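Colleague: The task is simple: from the sequences and hints, build the whole structure.
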Amino acid sequence: MRNLNFDSSRWKLLNNIMVGIFSLYGIAIQNYNVDETSYFQKLMIEMLTPIQQGTTSIKEKVFYTFDHYVNIVNTSKENVVLKDSVVKLKNKIFTLEEVQRENERLKSLLEFGREIPRKKVLAQVVSWDSSNEFKVLRINKGSLHGLTEMSPVITMTGLVGYVYRLSDNYADILTILDQNNRVDSIVVRTRTHGIVEGISGFTCQLKYVSRTETLELGDEIITAGLGEIYPKGIKIGKISKIDKENFGITQKIEITPSVDFHKLEEVVVLIEDQVVAKSIDMKDKK
Amino acid sequence: MKYSLLEVVIGFLKTALLLIVLEIFSSAILPSFGIDEFKPAFNVLIVLFLAFKLDAPFLPFLILAFQYIHSTFSIEGWASGTFAGILIAVSVRYVRDMLNFSTAISTIIVVQVFQLAWFFLVSSILSIKLGDFSNFINIFLQYIPESIFLSLISFHFFKLLDFFWKVNKRSHGVSL
Numbered sequence: 001m002r003n004l005n006f007d008s009s010r011w012k013l014l015n016n017i018m019v020g021i022f023s024l025y026g027i028a029i030q031n032y033n034v035d036e037t038s039y040f041q042k043l044m045i046e047m048l049t050p051i052q053q054g055t056t057s058i059k060e061k062v063f064y065t066f067d068h069y070v071n072i073v074n075t076s077k078e079n080v081v082l083k084d085s086v087v088k089l090k091n092k093i094f095t096l097e098e099v100q101r102e103n104e105r106l107k108s109l110l111e112f113g114r115e116i117p118r119k120k121v122l123a124q125v126v127s128w129d130s131s132n133e134f135k136v137l138r139i140n141k142g143s144l145h146g147l148t149e150m151s152p153v154i155t156m157t158g159l160v161g162y163v164y165r166l167s168d169n170y171a172d173i174l175t176i177l178d179q180n181n182r183v184d185s186i187v188v189r190t191r192t193h194g195i196v197e198g199i200s201g202f203t204c205q206l207k208y209v210s211r212t213e214t215l216e217l218g219d220e221i222i223t224a225g226l227g228e229i230y231p232k233g234i235k236i237g238k239i240s241k242i243d244k245e246n247f248g249i250t251q252k253i254e255i256t257p258s259v260d261f262h263k264l265e266e267v268v269v270l271i272e273d274q275v276v277a278k279s280i281d282m283k284d285k286k
Numbered sequence: 001m002k003y004s005l006l007e008v009v010i011g012f013l014k015t016a017l018l019l020i021v022l023e024i025f026s027s028a029i030l031p032s033f034g035i036d037e038f039k040p041a042f043n044v045l046i047v048l049f050l051a052f053k054l055d056a057p058f059l060p061f062l063i064l065a066f067q068y069i070h071s072t073f074s075i076e077g078w079a080s081g082t083f084a085g086i087l088i089a090v091s092v093r094y095v096r097d098m099l100n101f102s103t104a105i106s107t108i109i110v111v112q113v114f115q116l117a118w119f120f121l122v123s124s125i126l127s128i129k130l131g132d133f134s135n136f137i138n139i140f141l142q143y144i145p146e147s148i149f150l151s152l153i154s155f156h157f158f159k160l161l162d163f164f165w166k167v168n169k170r171s172h173g174v175s176l
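Chains as they are written, first to last, in our numbering: chain Y, 1 to 286; chain H, 1 to 176.
Please keep in mind that the hints were generated in silico from the structure rather than gathered at the bench. These numbers were taken from a predicted model, which means no experiment stands behind them. There may be inaccurate statements among the hints.
What the hints assert, rightly or not - Capping the alpha-carbon separation at 35 Å, the derived lysine-lysine pairs in DSBU-like fashion look like this:
| id | chain 1 | residue 1 | chain 2 | residue 2 |
| --- | --- | --- | --- | --- |
| 1 | H | K14 | Y | K61 |
| 2 | Y | K119 | Y | K42 |
| 3 | H | K129 | Y | K42 |
Said to hold, decoys possible - Here are a few chain Y residues that sit away from chain H, every Cβ distance over 10 Å (derived from the structure):
| id | residue |
| --- | --- |
| 4 | Q53 |
| 5 | E104 |
| 6 | L106 |
| 7 | N140 |
| 8 | T157 |
| 9 | N169 |
| 10 | E216 |
| 11 | E220 |
To be verified - Residues of chain H placed beyond 10 Å of chain Y at every Cβ, according to the derived structure:
| id | residue |
| --- | --- |
| 12 | A104 |
| 13 | Q112 |
| 14 | F163 |
Where a beta carbon is used, it is the ideal one built from N, C-alpha and C, also for glycine.
Modeller: Now the structure itself:
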């Protein structure tokens with residue numbers, strides 16, 4: 001076996017410089033608003049996301065085992081049979097109830113926003129970004145389902161974000177909680193314009209609002225429809241904190257999003273009709 | 001120091017597999033249990049291990065490869081982490097004699113210090129790109145518990161990586 005024996009400091013220096021320059025180039029071209037996924041990354045996402053998706057069912061099975069089996073190890077055989085049948089029946093009822101709840105959720109999601117003249121694709125949240133600094137979530141629909149980059153993503157309670165990067169069957173959503181996402185917005189009561197940006201954690205801020213604007217706690221914020229990403233009138237959240245300093249020309253406004261990101265399971269992606277037709281055509285050809 | 005190509009490939013594959021499992025843990029398993037504000041950056045720990053213990057000419061390419069794998073799970077991308085990793089690897093070369101990984105406490109302190117350096121490098125790059133440093137402190141405060149957790153597990157984590165890269169077999173003291 002040939003040894004990788006280029007132990008000279010020249011090699012180290014050269015490699016460091018080469019990769020360093022390459023990474024600087026990467027930093028320069030990196031766009032935090034939208035990303036064109038490379039073929040290798042697409043392949044990795046397609047291969048690894050089903051595992052991320054599978055972890056949810058593993059969790060359910062683990063809980064099921066703990067809840068239903070561990071406590072009945074020492075009971076009589078008859079008891080085991082009876083309890084087993086009860087557990088099975090309860091499990092069946094639970095599954096049916098879960099299906100019913102899911103149906104109701106999906107139905108109301110689909111019915112929501114009928115006035116928005118776009119096709120709606122329903123998707124499930126698979127995972128979150130592995131870095132806490134970025135508030136990005138991955139869904140189980142991709143370009144084969146008609147999604148395009150920058151497609152807006154909503155739920156019945158409000159705005160979630162937009163499609164940041166895509167593979168065939170999965171998409172990453174840059175949520176409104178992320179500091180890279182900026183949404184042109186309006187305060188409903190006063191029609192004041194501002195830009196909603198993520199801070200950190202699970203709140204946002206409304207920026208560039210003049211100190212003279214008389215906003216109140218609880219004022220509702222909606223999308224302004226500018227910027228060609230989000231349709232106008234989608235709920236973003238409510239003002240939860242106003243901080244007016246004695247200096248400066250703007251005020252600090254914190255917003256609690258109307259979407260509960262802690263409990264987000266399904267989302268709706270809004271796409272143009274022409275794009276849907278094109279993607280279905282592609283799927284048929286495949 | 002001599003590494004055969006086969007040893008590098010095996011070490012890389014084992015570490016890559018570990019990274020993928022840990023990224024899935026951070027991005028899917030923790031959120032499914034409702035823990036969505038605590039995501040330890042295991043890629044940082046792996047890159048720090050490489051910088052501390054693998055004084056090899058191919059090190060920058062390994063850092064690049066592991067950051068590329070990380071970019072599959074995060075929109076952070078590969079570039080800023082690679083740049084930070086290379087700067088840390090170069091700086092480690094000058095302070096290697098002062099670093100000590102023989103005890104858990106010294107490993108925890110060294111890893112914590114370099115994690116903070118990593119945070120300042122990567123977050124500064126991101127803030128410069130965004131033209132906005134207003135979230136720097138908030139993100140830093142959020143990063144502290146995660147970095148302490150990573151520092152606490154670093155001693156045993158490094159032992160596992162020592163095994164993958166056969167470091168103890170080759171090392172004379174700290175460096176290879």
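Colleague: Does each hint hold? Answer for all of them.
Modeller: To see whether the hints hold, each was checked on the structure:
1. K14(H) to K61(Y): holds (28 Å)
2. K119(Y) to K42(Y): holds (25 Å)
3. K129(H) to K42(Y): holds (25 Å)
4. Q53: At about 8 Å from chain H, Q53(Y) fails to clear the 10 Å cut-off, so the statement is violated.
5. E104: holds (22 Å)
6. L106: Non-interface label on L106(Y) holds, nearest chain H Cβ at 20 Å vs cutoff 10 Å.
7. N140: holds (12 Å)
8. T157: Its Cβ never comes within 10 Å of chain H, the nearest being 17 Å, so this holds.
9. N169: holds (14 Å)
10. E216: holds (24 Å)
11. E220: Nearest chain H Cβ is 24 Å from E220(Y), so the label holds.
12. A104: Correct as stated: the minimum Cβ-Cβ distance to chain Y is 25 Å, above 10 Å.
13. Q112: The claim stands: Q112(H) keeps its Cβ more than 10 Å from every Cβ of chain Y (closest is about 17 Å).
14. F163: holds (20 Å)
Hint 4 from the earlier list is the only one contradicted by this structure; the remaining hints agree with it.
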